[in-house]
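K.L.:
So you can see what is in the structure, the chains are spelled out below.
There are 2 protein chains.
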Amino acid sequence: MPTNRQILLDNRPEGEARLSNFKLVSSETPALQEGEVLVRHHYLSLDPYMRGRMNDAKSYAACQPLGEVFQGGTVGEVVESRHPRYAVGDKVVGFGGWQEWSVVDAGKPGMLKKVDTTHVPLSYYLGAVGMPGVTAWYGLVKIIEPKPGETITVSAATGAVGSALGALAKARGCRVVGIAGGPEKCRYATDELGFDACIDYRQHPDVKSLSRALKEACPDGIDGHFENVGGYVLDAVLLRTNAFARIALCGMIAGYDGQPLPMANPQLLLVNRIKLQGFIVSEHMEVWPEALAELGGLVAAGKLRPRETVAQGIESAPEAFLGLLKGRNFGKQLVKLI
Amino acid sequence: MPTNRQILLDNRPEGEARLSNFKLVSSETPALQEGEVLVRHHYLSLDPYMRGRMNDAKSYAACQPLGEVFQGGTVGEVVESRHPRYAVGDKVVGFGGWQEWSVVDAGKPGMLKKVDTTHVPLSYYLGAVGMPGVTAWYGLVKIIEPKPGETITVSAATGAVGSALGALAKARGCRVVGIAGGPEKCRYATDELGFDACIDYRQHPDVKSLSRALKEACPDGIDGHFENVGGYVLDAVLLRTNAFARIALCGMIAGYDGQPLPMANPQLLLVNRIKLQGFIVSEHMEVWPEALAELGGLVAAGKLRPRETVAQGIESAPEAFLGLLKGRNFGKQLVKLI
Chain A
47 MPTNRQILLD NRPEGEARLS NFKLVSSETP ALQEGEVLVR HHYLSLDPYM
97 RGRMNDAKSY AACQPLGEVF QGGTVGEVVE SRHPRYAVGD KVVGFGGWQE
147 WSVVDAGKPG MLKKVDTTHV PLSYYLGAVG MPGVTAWYGL VKIIEPKPGE
197 TITVSAATGA VGSALGALAK ARGCRVVGIA GGPEKCRYAT DELGFDACID
247 YRQHPDVKSL SRALKEACPD GIDGHFENVG GYVLDAVLLR TNAFARIALC
297 GMIAGYDGQP LPMANPQLLL VNRIKLQGFI VSEHMEVWPE ALAELGGLVA
347 AGKLRPRETV AQGIESAPEA FLGLLKGRNF GKQLVKLI
Chain B
47 MPTNRQILLD NRPEGEARLS NFKLVSSETP ALQEGEVLVR HHYLSLDPYM
97 RGRMNDAKSY AACQPLGEVF QGGTVGEVVE SRHPRYAVGD KVVGFGGWQE
147 WSVVDAGKPG MLKKVDTTHV PLSYYLGAVG MPGVTAWYGL VKIIEPKPGE
197 TITVSAATGA VGSALGALAK ARGCRVVGIA GGPEKCRYAT DELGFDACID
247 YRQHPDVKSL SRALKEACPD GIDGHFENVG GYVLDAVLLR TNAFARIALC
297 GMIAGYDGQP LPMANPQLLL VNRIKLQGFI VSEHMEVWPE ALAELGGLVA
347 AGKLRPRETV AQGIESAPEA FLGLLKGRNF GKQLVKLI
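For the record, the sequence lines run as chains A and B. Just so you know, we're using the working numbering here: the first sequence kicks off at 47 and counts up by one. Just so you know, we're using the working numbering here: the second sequence kicks off at 47 and counts up by one.
Just chain A, same shape as in the assembly (with noise of 0.2 angstroms):
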């Protein structure tokens, strides 16, 4: 069997993340039991939400056990299989975590799924076409209900999420507005992810900045909201919002390492009567099919163009993880490991 390299939660952040909170192993792949499939991972995916894992406090995600395989989404190959509905060469989308390899109890429900990399790319199935494309889709149908005309703003506008949501609402007749950082960014949600407009926050690092730069963008107001981040772009955006606006609460970035990060002017959601709610999208499996269906058909007709960062082995995980909770990343952040 071949050797795998596995990342492992090591111990757990004080604050900020750091490499020194995982650690690198290797070990052998186990011989395969009646039902098992072997799987070489060709990419990880890096996403923001691990970040929450890592703590021990209560959060959305269930909490990332210390001294095992760091828990993450993977695409890959079978290369071998005990299971008679996988055969070796199939594709498969999975919850292999951070190694090389994975053996896999194929049979139980959930834990694999054949993919079609005919018109998709392999690895989208971890952005656009998978769970982050999924939490656009989720936060804009089912939370923001946006109607054709209504203006929707999203912030971390360039990553899996934001440019999935952009696509989303542009094809539902959308104003849409993101919020990014840096100048490269926002053109690329511009000229190639549709966008009508997109401000980078770091030109606008308070919420007087940001709320004027937002009333520049969107003289209609704010109708929805998609946020990704919280703290003073949250803030900004409800300065903005419409009677009525309806606010989908992903994540809140800005506070992962433990911040406090209060809401400067709750009255607003009461004088604007505007419904926000939180939500994570893998207690909603019954909108997958749909989900994915529309989200494969605007990648197919190119209108959803992602941006994918792409970090080399195994090794290179940690490093890339935090560069994602920094923003470095452009697009998807995968670890590529073939």
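These are computed hints drawn from the structure, not numbers from a lab. Careful, some of the hints might be misleading.
Here are the simulated BS3-like cross-link-like pairs (lysine-lysine), alpha carbons at most 27 angstroms apart as the crow flies [claimed, not checked]:
no., chain 1, residue 1, chain 2, residue 2
1, B, 137, B, 159
2, B, 349, B, 137
3, B, 261, B, 193
4, A, 261, A, 188
5, A, 193, B, 188
6, B, 193, A, 188
7, B, 188, A, 188
8, B, 160, B, 349
9, A, 261, A, 216
Here are the simulated distance ranges between beta carbons [to be verified]:
no., chain 1, residue 1, chain 2, residue 2, range
10, B, 155, A, 193, 23 to 31 angstroms
11, B, 60, A, 339, 52 to 60 angstroms
12, A, 330, B, 249, 36 to 44 angstroms
13, A, 333, B, 336, 29 to 37 angstroms
Computed from a predicted structure; not experimentally measured. Virtual Cβ for every residue (Gly too), placed ideally from N, Cα, C.
Put chain B on the given structure of chain A with help from the hints.
P.N.:
Just chain B, lined up with the frame of chain A:
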């Protein structure tokens, strides 16, 4: 025609509202035109939302014009009529404002409603079987959507809205826990309103202490919350919410004088996948008939026994209103004019 004493808004408060913001004047009531009726007001309704209307700033309630009769709900009796649907002696609820008499264009939809005082005292149409009652109904039924066995909390629990909320939630098989100011109000909540428990926030003046008291009173956590107050009360409640809790945001009286009222830990909205929604009941007129029918039934059955604090005479309205903002009332605050 009778002399009509009226309270006008004379100037807008800076910070706290004061007696000097109001002005008492007298005028003759004009002669009736075709289609009008003359109503003698028996009671004026005093409600927390009125504080928001005193400001020039954007609020959920429209701004009260300066130099005009202070707007508000009224109940009274028709004493003269030039409209075929209204007869002398009819008891009516309307929006006559802080004055002793009003001349009403009775044909305009929504201006006047005849009410039956056989089983429900006239004043209740300004409280439990009026706007405050429907406010509780909307927040509970349409936003919180309680299930039997769930735990529901409400701040300002013994006020006109809170007491109705308690009865409505008990009728749905919930555990109901109030938050109110002082031992007398808390006793009334448990002994007469049927609350399962009531916490005296004056005994718990900070978020840590109040959240500990909530933990004790809500051993299974909080599934739904109806917010009238905001500030540290809401912060403490958030710490005790269960996954998928719903919060109906009805008022934030703690911030009515313009105090900053930040929410300490909005991450909890995400961690617990909470839905929080602000609303104003006058935008949901479609629910009024169903809500009023249930509220009237609860009163008739003795399951909702509203308290009233009654000030006497039009001249007492401003001071009674300022007392309401400080929680000096016990139950629905009224001004009796006859």
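K.L.:
Take the hints in turn and mark each one as holding or not.
P.N.:
Okay, the hints, checked on the actual structure:
1. 137(B) - 159(B): holds (8 angstroms)
2. 349(B) - 137(B): holds (24 angstroms)
3. 261(B) - 193(B): holds (20 angstroms)
4. 261(A) - 188(A): Holds, at roughly 26 angstroms.
5. 193(A) - 188(B): Given that 27 angstroms is the threshold and the Cα spacing comes to 21 angstroms, the pair holds.
6. 193(B) - 188(A): holds (21 angstroms)
7. 188(B) - 188(A): holds (17 angstroms)
8. 160(B) - 349(B): Given pair residue 160(B), residue 349(B) holds - Cα atoms ~24 angstroms apart, limit 27 angstroms.
9. 261(A) - 216(A): Answer holds: residue 261(A) to residue 216(A) is near 20 angstroms, not above 27 angstroms.
10. 155(B) - 193(A): 23 to 31 angstroms: Holds, at about 27 angstroms.
11. 60(B) - 339(A): 52 to 60 angstroms: Holds, since residue 60(B) and residue 339(A) (Cβ atoms, about 57 angstroms apart) stay within the stated range.
12. 330(A) - 249(B): 36 to 44 angstroms: 41 angstroms Cβ-Cβ, so the 36 to 44 angstroms window holds.
13. 333(A) - 336(B): 29 to 37 angstroms: For residue 333(A) and residue 336(B) the Cβ distance comes to about 31 angstroms; the hint holds.
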